[in-house]
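Join the two chains into one complex using the hints; note that each chain is given alone, in its own frame.
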Amino acid sequence: MRSTTTYAKGLRGLALATTATIGIALVLVFFYAPLDANQGFVQKIFYVHVPLAIVSLCGFVFGGLLAIGYLRTGDRRWDMRSYVAIHMALIFGVGGLITGSIWAKASWGHWWVWNEPTLVSFLIVLLLFATYQPLRFSIEDPERQARYASVFAIVAGAFVPLNYIAVQLATSYVHPRVLTLGGANLPASMGVTFLVAQIGFVLLYITLWKYEMAAKNNRSQVRRLRRTLLGEDSGRPLGRSAAPS
Amino acid sequence: MRTALIVLRKDLRLELRTLETVPAMVLFSLVTFVIFHFGLNQNTISGQLAAGVLTATLLFAAMLGVNRLFVAEREQGGFDAFLLAPVDRSAMLLAKATALFLFLAALEVVAVPAFGLFLLGPSLGPALPGLIVVLALADLALAVIGTLVSAIAVHTRARDLIGPMIGLPLLIPALIATARATGPLLAAQHAASAPPGRWLLILALYDVVFALLAYAVFDFLLED
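Heads up: the sequence lines are chains A and B, in that order.
Quick note on numbering: the first sequence equals residues -3 to 241 in this note's numbering.
Quick note on numbering: the second sequence equals residues 5 to 228 in this note's numbering.
So that you can see chain B by itself, here it is in the shape it has in the complex (with noise of 0.2 Å):
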């Protein structure tokens, strides 16, 4: 717990000093919000035409964030310093999955303000809480799965095709949830003020089950 919490430290100090990655996941949102806006040919969007909208920019934002979540450690020797101390192995996939988590949620505050002025017809503030625990879930399985697919693909030559490639099939079931539940709060007419609980339970127990299977395989791509 300790270890994890000192690589997390080490993690948050990083980004906040170069600040290499939020600012991008954010522009990156920003733009797609942009794209969005006159791909769609729409100056407002609402239910679940806006609720893919958000899922799906944020969903490639995070694929950004996953790309770079290992690379420090890989080019500066981290994974070499680690394994050399005598400290339990999940700790780097706790820190990793935190630091990833909480960059999302950087971005988020960012990100979905953003929207709502955009791109949102009806207005933010009522679908607001039910959209943070929606967005918490997501958060949550977003980040155990980008950990476990960046720590895959940073040894590969191809990294930055093999995260994405792997990641997105394996999101696929929480985007479909994330996006079922947001699209009710969403809407122009009789919008829902929580989100259905079908679709909360699938995201908890699709981020249970993953953070469980991660956990059980994440020594092994630290070895050697």
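One chain only, chain A, in its complex shape (with noise of 0.2 Å):
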């Protein structure tokens, strides 16, 4: 009973937090940041499709980390949280590319433009990422499933960076340079209304990992319930599945 307080615990708050603080990013968007001299209103996809791609980046790396959890204990628990880490990221990330793809075609004339290296990059990893859930449900064991998945995360998730870089020298550059190194390359207003998306979403990512993993804490209960009351073949689940159960 524990442990599924846990997840759903400020679950509530959290949910709430994160509808007011999109709420406040779109009204910044729409009524506060001004239009972009160039591109127009078109720009503004910038606060949603920058926001989710970082987000779905962090989220696989995020999952990497958690997997080196569950390589040091073997507590399927850690094998847990990195899946719905990874699960999110991805649908982040399918998010952030059609966004990305939209803001090309709208500025640039083009669905997919190959000389631009954080797109090119992004595809890449959401490519590789998009084989853990394969791998997975080709594993029939569950311990061994956990086990090489928690391999193949930590690997993927040290990809990202390396990645990116290699991508990076391999391109010319035609994507505007907004966020550098040295520091956010945008006047203020922008850059307040991009921080606020970018909070809102990173939010957003924290809320749907926790009600996932309640969800699925929950569901695992209820198995081991009915098990214990009904014997042990009932509340199997139905065929395999990619998921850790």
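The hints are simulated quantities; they were obtained by calculation from the structure and are not laboratory data.
Just so we're clear, the structure is a prediction, and the values are computed from it rather than from any experiment.
Ideal Cβ positions, reconstructed from N, Cα and C, are used throughout, including at glycine.
Misleading hints may appear alongside valid ones.
Pulled from the structure, derived: some chain A residues nowhere near chain B, Cβ distances all over 10 Å [to be verified]:
(1) 6
(2) 34
(3) 94
(4) 154
(5) 187
(6) 194
(7) 199
Covered by chain A, per the in silico footprint, the following chain B stretches (three or more residues, Cβ under 8 Å) [claimed, not checked]:
(8) 55 to 68
(9) 165 to 176
Okay, the calculated beta carbon distance ranges per label pair [to be verified]:
(10) 136/A <-> 14/B: 27 to 33 Å
(11) 201/B <-> 157/A: 17 to 23 Å
(12) 123/A <-> 38/B: 45 to 51 Å
(13) 220/A <-> 84/B: 30 to 36 Å
(14) 213/B <-> 69/A: 22 to 28 Å
(15) 48/B <-> 94/A: 39 to 45 Å
(16) 61/A <-> 196/B: 37 to 43 Å
(17) 130/A <-> 137/B: 33 to 39 Å
Next comes the structure, spelled out in structure tokens:
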């Protein structure tokens, strides 16, 4: 019973905070941040696209870090955490790719631009992590599934920055260098709006992660209860699953 | 170290007696050159295009070797025997990566001259020293990542699918660096004599990072 409350605890507050932050971000995007001189209204997608992509990449690395927890302790809950982190990051990543594509079409005239290192490296990372679920799915033994998936998550998590460097060096820049290591290259009003939007999406990710963890936890507890009440054979999931159980 | 040497010797002897992997990789790359000749509809190619064709062919040929790497261990119970033996498990990584590296080197001894003969416009000779350096670094990346991916894939149901599926995206940065480093060497005019140092550096960095990473996680792939 205890573990269920851990994930569900604070979920309501977190959800409210997320809604409020994203609400404020939207208000700022549409009423406070100035129109971009060159791109006009289309540039507003920046406040969705960039946070989505950043959260997604951080989510992949987060999944890799959680997987280290599994390999160190052998506790299956770490595997579950890593799985949910990568699963959510994948969803965010697809969102980031689609919004990025829309932005590219609107401002450069093409749906896909190869000489844009951020976009290309993001695609490669997404292609790699897209194999996470098929990998899990094709291993039947749950303990081995968790172990191999953790190894994959760690290697792929380390791959994220490496890949970014390699692709960055291979291409010339056309993307606006909005966020460089030297600091944000934005007017202050846009910077504030972006920051609020970024916080909003980080909160959204955390909320969804906790929500999914609570749901998965509840499901496995219900299954365990059914098994004790109705015998060994009941409550077993039908078929195999990529998700840890 | 001794364990690794013993496993490596076993792998090489197995390959010499059965001739299962390397000849298949060689034949595959020769056929791929023919396919590229018709696909591109060109008699000779040079520069970045040639580099891309060579890199892609070697990469896909390497995938054949990656798929075969642990099959004997799995089917003949080699894994169990290795786990029962009181030896360091990293020896398996070292042995298998070296074996794959040697397979790739053997493949390239045939495939690169064949590429020069069939497709390459400018003569291969001046490019050869630089090409050997680039390919050695690329083979290292292929060997390390290939061994890691193969060890993951061999215990899955769809192992022939999972191997390339995980391996190819992981190898893309190495592929970029290899192709970019090879391009200037194979240029039709003003061919560079040395590959660009920046790409060699990236390849070397990639090799080192993934070698360390593979060393750190490999033990977990051999448990139970």
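Go through the numbered hints given earlier and state which of them the structure violates, listing their numbers in rising order.
The structure conflicts with hints 4, 8 and 12, although it agrees with all the remaining ones.
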